[in-house]
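Work the whole structure out from these sequences, hints included.
Protein chains in written order, with numbering that gives the first Met the number 0: chain R, 0 to 341; chain S, 0 to 297; chain X, 0 to 306.
No lab work stands behind these hints, which were simulated from the structure alone. Note that beta-carbon positions come from the ideal geometry of N, C-alpha and C, so glycine has one too. Please note that the accuracy of each hint is not assured.
Unchecked claim - Per label pair, the in silico range of CB-to-CB distance:
1. X:V7 x R:T205: 53 to 63 angstroms
2. S:H206 x R:Q139: 47 to 57 angstroms
3. R:D240 x X:V7: 54 to 64 angstroms
4. S:G174 x R:E219: 32 to 42 angstroms
Claimed, not checked - Calculated cross-link-like contacts (lysine to aspartate or glutamate; reagent style DMTMM-like; alpha-carbon spacing at most 25 angstroms):
5. X:K4 x X:D291
6. X:K4 x R:D90
7. X:K4 x R:E171
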Amino acid sequence: MTANSGSVSAGAASTGPARTGSEGQPLVVDRLSVAYGEFRAVTDASFEVGTGRVLGLVGESGSGKSSLALAIARLLPPEGRVASGTARVGDVDVTALAGEALRLARSELVAYIPQDASAALNPVHRAGRQIAEVFRLRYQLDDAAAQAQAVRLLARVGIRRPEDTARRYPHELSGGMRQRVMIAMAIALRPALLVADEPTTALDVTVQAEIISLVRELQEEHRTTLLWITHDMGVVAEIADDVAVMYGGRIVEHAPARAVFSAPLHPYTKALLSSFTTGRLARPKAPFETIEGAPPVGQIPPGCPFHPRCPLVTDRCRTEVPLPRGSGHRVACHLAEVTPDG
Amino acid sequence: MTTVTLQAEPAAAERSATRARRANGVLIAGLILLAGLIVFAVMAPAFGSPYHIYPDGLNDKGLPLGVGAPGHILGTDEIGRDMLARLAAGARSTLEMTFIANLTSLALGVLVGLVAGFYRGPVEQGLMRITDIFLSVPTVVSGLALASVVGVGITGIVVVVTALFWAWTARVIYGEVLRLRTRVFVDAAIAAGLRRSAVLRRHILPHLYSLILVISALNAASVVSIGAGLSFLGAGIQPPQPDWGNMLQSGENSLQFAPHLVVEPLVCIVLTVLAFVLIGEGLTNREPGRGRKSWLDK
Amino acid sequence: MLARKIAVRVGLAALTVLAVIAGTFVLEFVIPANPARVVAGPKASSQVVAEVARNLGLNRPEWQQLLSYIGGVLHGDLGYSYVSQTSVTSLLAGRLPATALLMAAGIVVELAVGGALGLWDGLRPKRSWVLASVNIGLLSVPTFTFGFLLLLLFGYVWPVLPVSGGLGAAQLVLPALTLGLLGAPYYAIVVRDQLREVLPAPFVRTALAKGLTRRQILHGHVLRVVVPPVLTMAGMDVALFLSGVVFVEDIFAWPGIGQLQVQAFSNVDRPVLMGTVIVAATAVVVMNLVVDLLRLVVDPRVRAESL
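Structure below.
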């Protein structure tokens with residue numbers, strides 16, 4: 000192991016795919032479909048995230064948002080595969096990467112933050128070592144230098160006593176600290192795209208807020224492009240520049256956050272927001288609105304995936320899949336009014 | 000767009016159905032084998048006396064007859080007795096011994112495991128220490144020492160085997176009772192005012208039945224094995240009473256010129272143990288790895 | 000904290016050994032009607048028996064006898080064999096190395112064959128029933144049966160290896176194989192199950208996401224988690240081997256403590272019988288303790304959970 004002291008300049012020391020500097024890259028997803036065997040979890044998803052912007056991908060469980068995230072991060076389980084479409088980060092089509100090129104792109108081009116940090120950490124290795132590992136094994140830093148990097152990163156993610164924490168095992172850390180460790184691991188090689196898969200869902204509300212602001216801060220610092228998956232509209236409100244709503248494996252609405260919150264166009268989005276506002280912000284004892292029915296499990300109905308639960312359903316909705324329309328504010332609904340400037 | 004059906008679920012259901020079918024095949028194979036052995040044992044008198052020394056039992060060189068000899072389909076032993084008759088008689092004593100020793104070691108083990116796991120506290124500690132002690136002594140070494148005190152023959156071997164085997168059953172049952180103990184329905188029953196012994200009997204015991212069944216099959220396999228082993232070393236049923244273990248012992252010297260004297264009882268022992276092992280395996284519902292795939296396969 | 004956990008375990012181990020010693024005392028002196036006769040042997044004259052009775056202090060209250068017995072054992076006095084007129088301790092000490100060698104060889108065979116099999120089967124994408132069937136097959140073959148099989152095969156049918164006659168390396172092969180091959184499938188299954196358990200785990204996905212090579216993931220993450228249970232099993236095998244060793248040493252005439260025990264049994268040489276039990280049990284307890292302590296040190300989760 001050669002002694003490569005001190006700082007790591009991402010891109011220069013590694014032989015990864017061509018990247019300019021350590022900034023973020025735009026993400027362009029074009030008609031991506033993800034399948035597990037015969038079952039389609041995601042169908043024809045298309046969206047873009049500009050460099051350094053944050054896209055909040057919202058949906059209930061089973062909407063396919065996790066599968067979409069995993070597909071982009073190339074971390075689908077063996078049963079899953081990208082059935083069609085592409086996802087490009089900058090110039091690189093991540094869905095086409097294979098072998099050594101894929102391995103090198105990991106963590107450098109695209110990094111992934113999982114939901115469950117405790118399962119994602121190796122229980123028999125100390126926290127610091129798990130972060131240092133990337134530097135040791137990919138950049139051939141010696142143990143001391145790698146460890147120093149790990150400590151630096153731990154400090155960067157807001158851990159007050161980084162040397163102490165680095166020496167601890169995962170089971171000795173709180174949930175919030177474990178998630179910070181995962182974040183430190185994810186940003187270690189200054190990825191162009193960060194995929195955060197519900198990283199705060201399993202955490203206490205107070206810790207949630209801290210983690211959200213931490214990720215936001217890190218993202219802003221390096222203009223990293225961020226794809227944040229969640230089912231919680233409140234989190235979306237706090238962090239997202241743009242919002243994409245998923246239902247039944249399809250993207251049903253995609254627009255800047257402000258537009259989605261003030262003037263949602265898709266019936267599902269509207270229902271989601273109203274149940275959120277009446278639920279979360281409800282007055283005590285006031286009933287909050289729910290969406291009747293349940294999301295599709297297994298059989299996705301023909302036509303618009305939302306039609307069984309949609310209050311505005313027409314015959315056309317039952318048979319014909321609505322395609323996304325509009326430019327700045329895109330929506331996939333036969334009945335939505337798309338204004339020229341939206 | 001046509002409807003898309005979820006294929007993942009049927010595939011999983013299919014996998015567990017095939018697994019269940021395969022396990023049942025194993026179980027049935029074991030039961031058939033055991034039934035065959037029981038029939039063999041029951042039919043022992045039909046093969047003639049295992050003690051009778053046949054005048055034509057040895058050939059002109061004074062050596063035992065081999066397999067396929069006229070009148071003695073499995074050959075004769077070193078003093079001219081019929082092997083088939085001896086093996087069948089041995090089956091009888093083996094099965095008898097197994098049945099009794101299995102019952103006693105199981106009963107003791109289950110009792111200790113239940114009481115220790117359910118009543119907790121100092122009783123638990125004491126019983127588990129004793130269990131640990133019995134688990135620390137290697138079986139055959141202590142089996143021989145114990146047999147020298149308790150005596151040989153069928154009673155002796157039953158006592159020895161019981162002493163050697165109750166502990167692992169106790170440990171397994173103890174673990175399971177501990178697991179069950181922490182489940183909500185037990186607390187609910189106690190909270191509803193049931194006496195502890197009633198809770199034990201009515202709520203915990205039923206869950207243990209299938210486990211006990213599996214344990215008894217595997218225990219029986221070990222009992223047959225160790226029983227034959229101890230007999231082989233002289234600590235079990237004594238000659239001239241036929242027993243596969245002591246037949247092995249006397250046959251050992253004739254290995255070179257009459258290997259059937261060793262091979263035949265060996266095959267019997269292995270088949271009997273196999274029968275119980277198959278039954279035990281067929282009864283367990285093991286599922287290593289739960290069918291999830293490896294990340295390194297991508 | 001750690002010191003306390005270690006102390007607890009050592010204490011329990013010591014207690015177990017003491018209990019075994021007490022157990023042998025009961026078997027040797029309490030249960031038999033005439034312990035002096037038993038110790039002196041069936042052929043001894045009544046004067047010798049009386050002498051032995053006096054030496055053993057059999058007229059004292061039993062708890063006193065027990066205490067002096069335990070004291071004696073702890074000082075290495077395990078009594079005398081009436082057959083060979085030598086101290087049991089020296090008999091055992093003479094034969095212990097041979098048995099230890101045999102057991103070590105057996106464990107090596109087990110780990111090598113079993114580990115290789117388990118790794119091979121566990122890393123393959125498709126599950127196969129081969130290993131499970133082999134395991135069932137070998138589970139059904141008792142040690143002495145397997146020993147005879149190997150004896151027949153390699154001693155007579157295809158006589159390439161010596162079947163008895165001393166402590167040579169060639170003579171070690173068959174008995175070591177007997178012990179080791181029977182145990183190998185257990186290891187294979189443990190290794191394979193551990194692999195099957197670990198390979199789909201989320202932390203392996205994390206390792207993959209870090210862009211490590213397959214080998215780096217295997218060595219750094221997977222094996223670290225798989226190895227401790229295997230070590231535990233190896234430790235526990237000492238108990239199993241000490242049983243199998245009796246048969247193997249008898250069949251292959253390997254001069255260890257197993258063979259000694261068989262001879263002692265046919266001679267009804269109680270002191271030797273009991274002495275061997277004590278030594279064997281102590282070996283098991285010590286090995287289990289060592290394995291336990293190793294796990295405590297190596298696996299941080301065990302450290303946190305246990306007492």
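How the hints compare with the structure:
1. Between V7 of chain X and T205 of chain R, the C-beta spacing of about 39 angstroms breaks the proposed range 53 to 63 angstroms.
2. Between H206 of chain S and Q139 of chain R the beta carbon distance is about 55 angstroms. The supplied range of 47 to 57 angstroms therefore holds.
3. A hinted range of 54 to 64 angstroms for the beta carbons of D240 of chain R and V7 of chain X is consistent with their spacing of about 58 angstroms.
4. Taken as a hint, the range 32 to 42 angstroms is violated for the pair G174 of chain S and E219 of chain R, whose Cβ atoms sit roughly 53 angstroms apart.
5. Note on K4 of chain X and D291 of chain X: the hinted pairing holds, with a Cα-Cα distance of about 11 angstroms set against a maximum of 25 angstroms.
6. Taking the CA atoms of K4 of chain X and D90 of chain R, the gap is about 57 angstroms. The hint is violated against a cut of 25 angstroms.
7. A threshold of 25 angstroms between alpha carbons decides the hint, and for K4 of chain X with E171 of chain R the separation of about 18 angstroms falls inside it, so the pair holds.
Of the hints listed earlier, those the structure fails to meet are numbers 1, 4 and 6, in rising order.
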